[in-house]
Each structure stands twice: as C-alpha cells, then as structure tokens.
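A.B. asks: These protein sequence lines are chains F and L, in that order. Take the first sequence: its letter number 35 is residue 35 in full-length UniProt numbering, and every next letter is one higher. Take the second sequence: its letter number 67 is residue 67 in full-length UniProt numbering, and every next letter is one higher.
These are computed hints drawn from the structure, not numbers from a lab. Don't take every hint at face value.
[Claimed, not checked] Okay, derived cross-link-like pairs now, SDA-like style, lysine to any residue, Cα gap no bigger than 20 Å in a straight line:
1. F:Lys-129 <-> F:Arg-104
2. F:Lys-51 <-> F:Leu-14
3. F:Lys-150 <-> F:Arg-102
4. F:Lys-150 <-> F:His-105
5. F:Lys-129 <-> L:Pro-111
6. F:Lys-129 <-> L:Arg-96
7. F:Lys-129 <-> L:Ala-112
8. F:Lys-150 <-> F:Met-66
9. F:Lys-129 <-> F:Asp-141
10. F:Lys-129 <-> L:Ala-113
11. F:Lys-150 <-> F:Ile-97
12. F:Lys-51 <-> F:Arg-102
[Stated by the list, open to error] Okay, the calculated bits of chain F under chain L, using three or more residues with CB under 8 Å as the criterion:
13. 54–65
14. 141–149
Beta carbons: idealized from backbone N, C-alpha and C, even for Gly.
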Amino acid sequence: MSWLLPYPLLSAVLLVLWLLLNQSMSPGHLMLGSVLAVLASWAMAALRPEKPRIRRPGAALRLLGMVVTDILRSNLAVGQIILRSREPGMNAGFMTIPLDLRDRHGLAVLSIIITSTPGTIWVNYDAAKGTLLLHVLDLVDETVWIRTIKDRYERRLMEIFE
Amino acid sequence: MSAAANLPAWAALLTAVLVLVGAAVTLIGSLGLLRLGNFYARVHAPTLGTTAGMASILAGSALCFSLLEARPVVHEILIAVFVTLTTPVTLMLLVRAALYRDRTEGSRDVPAAEAAEELTPRR
C-alpha cells in the first residue's frame, strides 16, 4: 500500500482539488484525478521530504478558526490605521521573538499565518538561535505581540506537529 | 447579463453588498500603499486585499453563481486557498530583498544581521 500511496493525505487532497476544479464527479474525472494524484505523490516521494505528522486534527481546526477571526480583526485594525492615523506607519518597526517551535512544517504554517495576517510580516528565521525577526505595523507594545504569537499560535502548532 | 435577472432580490442585494465591501477593503489596502511611509510599512497594506477583500468578493461570487446554477459552486474556496498560500511567499521575498539591500547599504533603520550570517543558509 505504501509503495502505491506514499502520501495518502496529499493524494486525497489532490483528487478533491481536481474534482473541484472540474466541478464534476463523473467516473472519467474520478479516474483521471486519481491517476494524477498518485503520480504527483510519487513525484513528491522522489523529493524525499520529511513526512509531516499531524497529531491532532481537532486542534488544527480550532487553530484555523482562530486564525480566521484574528485575520478579520487585524483587517479592521490596519484599515483604521490607514484611514484614521494622521501619520500612518509611525509605530511600525522590527522585533525579535524567541521561538520554541522547531518542526519545519510547523514553522511553515506559522510563517503563512503571520504573513497573511495584516499588520505582521515574517522577515527572517534564524534556525541556529531559534529566533524570528518580524516586522509589525503597530508596534506599541512588544510583549503583546510576543504573547499573541507564542500563546495563540506557537503553542497550538507544537501540539499539532511535535 | 440577462441571467442576473433570475436572481432573487435578497440574493442580488447580498451579492452586491459582499462585492462592494470586498472592493472597499481592497481600496483601503491600496490607499495604505499610498499613505504609509516606508517600504516595510507599505508591505502590510496589500494584505487587506488578499484576506478580507478577497474573502468577501469570493463569498459574493459563490452565492451568486450557486443560486443561478441551482447547485453549490465552490471553485471560490480553491481560489482562497491558493491566494492564501502564495501571497505570503511573495511578501516575504520582497521584505527580505529590501532588508538585504538596506543592510548592504549600511542603513541604520533596519536591525543589523550578525555579520550577515542570517541571510546565508547554513549547513
């Protein structure tokens, strides 16, 4: 089974993607999609990435919900800064956060979360020291941002991936 | 657009509101590009368009076409997933390129790299 489907989750997602793109459940598309999904997972296996282990799917769903609400809230916050502030961006600045998360997949997800949230951008991760360099638009209190990222995202990502 | 006449009034109204809200949020993001002071602050502005702006317009699109074709149209979810996965890559590349340039120029406004080691992959 594992020679046919080295990455079962990846293949399943690709098949769903194919069916959604074609908006069809016909046997022809099911077959074509399955063949493509299996071939793509073989190509992926040839790259030999570390296999991510998602331990707690429930926690992943909760994290997704939290990220969506956080993104909406930051949209409002950044919109207000742009429209209301007399000199927008005057509080912007860089900050460094020490991270305990070491799993590559967890870090990749964290970088997407941080960068897609308006107002924060992931700049650089130092793997040797385990520190993350961020740019924040509204950098009034560093501890608030450190708490947000460590308590809200990092802790949950560690639960999921490590 | 004769097909749009088949849309019930409440759905037409809701679609219009969703698309307008999405467009307004994206416009605010673009205004941010204009108003914010330096490059690093400016990078934050377009994320409004790629998150809430995109979500709102896609929700309007999904609602409108699901009702017109009388079946769930969910292409939009794929668009949302792809946009969310790809924009951070571009933004991070832009910021890192700018940071690299500023550090090479010896700018004092950016945090110094510890002997520029952070930017080179280490093995």
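A.B. asks: Take the hints in turn and mark each one as holding or not.
C.D. replies: Okay, the hints, checked on the actual structure:
no., hint, verdict
1, F:Lys-129 <-> F:Arg-104, "15 Å, holds"
2, F:Lys-51 <-> F:Leu-14, "17 Å, holds"
3, F:Lys-150 <-> F:Arg-102, "13 Å, holds"
4, F:Lys-150 <-> F:His-105, "16 Å, holds"
5, F:Lys-129 <-> L:Pro-111, "16 Å, holds"
6, F:Lys-129 <-> L:Arg-96, "19 Å, holds"
7, F:Lys-129 <-> L:Ala-112, "15 Å, holds"
8, F:Lys-150 <-> F:Met-66, "14 Å, holds"
9, F:Lys-129 <-> F:Asp-141, "23 Å, violated"
10, F:Lys-129 <-> L:Ala-113, "13 Å, holds"
11, F:Lys-150 <-> F:Ile-97, "9 Å, holds"
12, F:Lys-51 <-> F:Arg-102, "15 Å, holds"
13, 54–65, "violated (count 0)"
14, 141–149, "violated (count 0)"
In the structure shown, a violation is registered for the earlier hints numbered 9, 13 and 14, in ascending order.
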